Structures are given as C-alpha cells and as structure tokens.
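Chemist: Residue numbers (the numbering used here), protein chains in the order written: chain H, 1 to 167; chain A, 1 to 167.
Derived from the structure by calculation, the hints contain no laboratory data.
Among the clues, some could well be false.
Derived lysine to any residue pairs resembling SDA-like cross-links, with alpha carbons at most 25 Å apart [what the hints assert, rightly or not]:
1. A/Lys139 <-> H/Lys139
2. H/Lys25 <-> A/Asp64
3. A/Lys139 <-> H/Asp41
4. H/Lys25 <-> H/Gly73
5. A/Lys23 <-> A/Ala63
6. A/Lys105 <-> H/Arg68
7. H/Lys139 <-> A/Asp40
8. H/Lys25 <-> H/Leu104
9. H/Lys25 <-> H/Arg38
Sample of chain A residues lacking proximity to chain H, with all beta carbon distances greater than 10 Å (derived) [what the hints assert, rightly or not]:
10. Pro12
11. Ala14
12. Arg68
13. Pro70
14. Asp118
Predicted, not measured: the structure shown is a model, and the values here were computed from it.
Beta carbons: idealized from backbone N, C-alpha and C, even for Gly.
Number of protein chains: 2
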Amino acid sequence: MTRSSFADMDCPIAQAAEQLADKWKFVIIRNAFNGMRRFDDFAEQLGVASNVLTARLSELVAADILTRVPVDGDGRAVEYRLTAKGHDLFPMVIFLPQWSDRWLKKRGGPRFEITSADTGELVQPMQVTTASGVVVTSKRAQIREGRGRSSVYRDIKGPSGQTAYGG
Amino acid sequence: MTRSSFADMDCPIAQAAEQLADKWKFVIIRNAFNGMRRFDDFAEQLGVASNVLTARLSELVAADILTRVPVDGDGRAVEYRLTAKGHDLFPMVIFLPQWSDRWLKKRGGPRFEITSADTGELVQPMQVTTASGVVVTSKRAQIREGRGRSSVYRDIKGPSGQTAYGG
DNA sequence: CCGTATCCATTCCGATACTG
DNA sequence: CAGTATCGGAATGGATACGG
C-alpha cells in the first residue's frame, strides 16, 4: 500500500525529511547562517515570490528552526533568526557545499574555503569518525536499534531488502 | 524579480538542493545505504506509488547518485546501487538521524547507535572541525570565496543581508 | 520483476495587486 | 517592511490498470 504522509514512518531520516526536504528551505537556511534575517532580503536575494517565502518561513518557524522576533523601535520590522535547533544544522550547511564542490562543480578548483575565525585553520571535509579518530566508511558502519536488532550498511555485498531502522 | 529555477544560482547549496531536496529521495537514499536495491523492495517498504518511485529513481540515476545495473541471469531484474557520488552522502545519512534524535524525538533515549563494524566504537556526533581537532561553531566560521571576498557566519550579531557566497 | 499509461484531485508556484 | 489575496497554469501525487 502506498502512503501519503511520513508521519507514521518511525524513521529519523523520514522525520528530518519532513522538515527539511524543500528546495527553498535549503537556501533560506543557508542565508540565515550568513546572517540574513529580513523578509525582503530573503525575497530579493533568493528571487522567491513573497507568498511562497511567507509559506516557507512559516513552516521553518513552526518547525522551530527559525524564530520570528519583532525589531525594537520599529513596529513593522521583523527578524527571522536561527534557533538552537536551526544552528544545529551547521554540519549540514558545511557538508553540502563540500559535496557539491566534489561532485557538481563545472570547472576549476574549489570555489571557496571555510576556516575557523579563531585559529584560521581550514575546516576538514565532513567525515564520520569514532572518538579515537577512526574514519568509518559507509561499508563498515553498523547500526543497532534500541530494541537490539542490528544490521550493517552493506550496499555492495548485502542482500536487497535489508533495512536498518524501520520506515 | 522571482526565479523559477536554481540553475543560475551560483551556489553550491542551491545545486545540492536541486539534486537532493525531495522527501522521497531522502528515504530512498537511506534505504540504498541499508543495502536495498530492488524496485519492488523500495515500493513496498517505503509505501510509494510505482510511478512516483520510477520518477525519483530516474532522477537519482540522472544525478549519478544511483546506478541502474541489470542482474545477471534474469533478463527482467534490475538493481539500483549507490555510485561513488552517492556513497559520498554518507556523512549526511549519519547526520540526519543524529539531528532528528536530538530535536525531533518524542520521548525516551536515543533509539539507535551507529558503530564501526571494525572497532565497535561509537561514531561521534557530526561536527565541524579543523585538522588540529578544533571544533568550529556556526558563529565562528569564516568562508572565503575563490575571488577573495570574505565574510563570517554571524547569525547573532551580524547585519542582515550579509551573504557569503552568491545565490 | 520492473516498470508504463492514464486519470484525476490536489498542491504548488509565479505573477500581480494591494495593505497597515 | 512584511506581508495577504487572488488567480491561472503547471507540476505532483496517488490510484489503478496493464505489459514485456
């Protein structure tokens, strides 16, 4: 049977998808990380229709990724700021450009670099590691559910139909 | 002016959004990492209509995230496998459940853990670090474009309208 | 097993106009 | 400045039936 909503999918990726999987949200969040806060700035720089922007901002506020705060001294002005939950998307905001740069770039070298404002050091390409610094690849990762059932990411040699966490 | 396509947005996140920002793609990719390869398995386990699944798989193949390989010995059977580009999404597949678990879970403790199949160690929460291991936060990251212009992620105290890379 | 074809309802999106 | 109201066309989604 086919489903219309992800609400009954007990899967953390499906839940995240519900809140994030939209073209406009990606770039709104990106600009929010860049310090953008105002409706008109988003509208102009993204090139999005005002009604669509209203809808997306509302959804992000409803998801508690952005928060809507009136600006002191101007009864009309409003700012959209990242919440703690929104700020916690930072690794993804770093990862996506890295992935794009590796796989989508048309020509030339890397177009940008990201550094620590404190030390000036380059940030590392995002990778999955353990506490001891071992890099875990997608073929050698193992996921264990709360219930104790366990399975391994095994795209290359695993059986089809294998699932790690329910969905 | 409003835009209809992201094609002219010279922004790596916008490019990634074009290829990834879709609900179904998130869960298809998740299941692909779990070793799922067959059309019917995706259709049944995700609960997606076959025409929609066809469309999404085709887009992922067109984006070179999945590859479509005929199965030996069965003229009809086909497998969808992650490409190298697809495998490179692994950090995101790890990050999203971590983020969901932190912010979206309804109750109880973490529902699952991810470990290295080699050492058994837990994987770390995804975070942005430098080579020397310094953790970079969203408020102390600095991005420099190829052209040399530079700006800082500064959600809390920055001016509105600030942009790091064009969009 | 892996899709296509078709249909229909719903949603979405951009454009435009207007407002406190 | 930050939206709301409305509209029409396009795209999407689900259901269903069918085919090699």
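Chemist: Tell me, which hint numbers fail for this structure?
Modeler: 1, 4, 10, 11, 14
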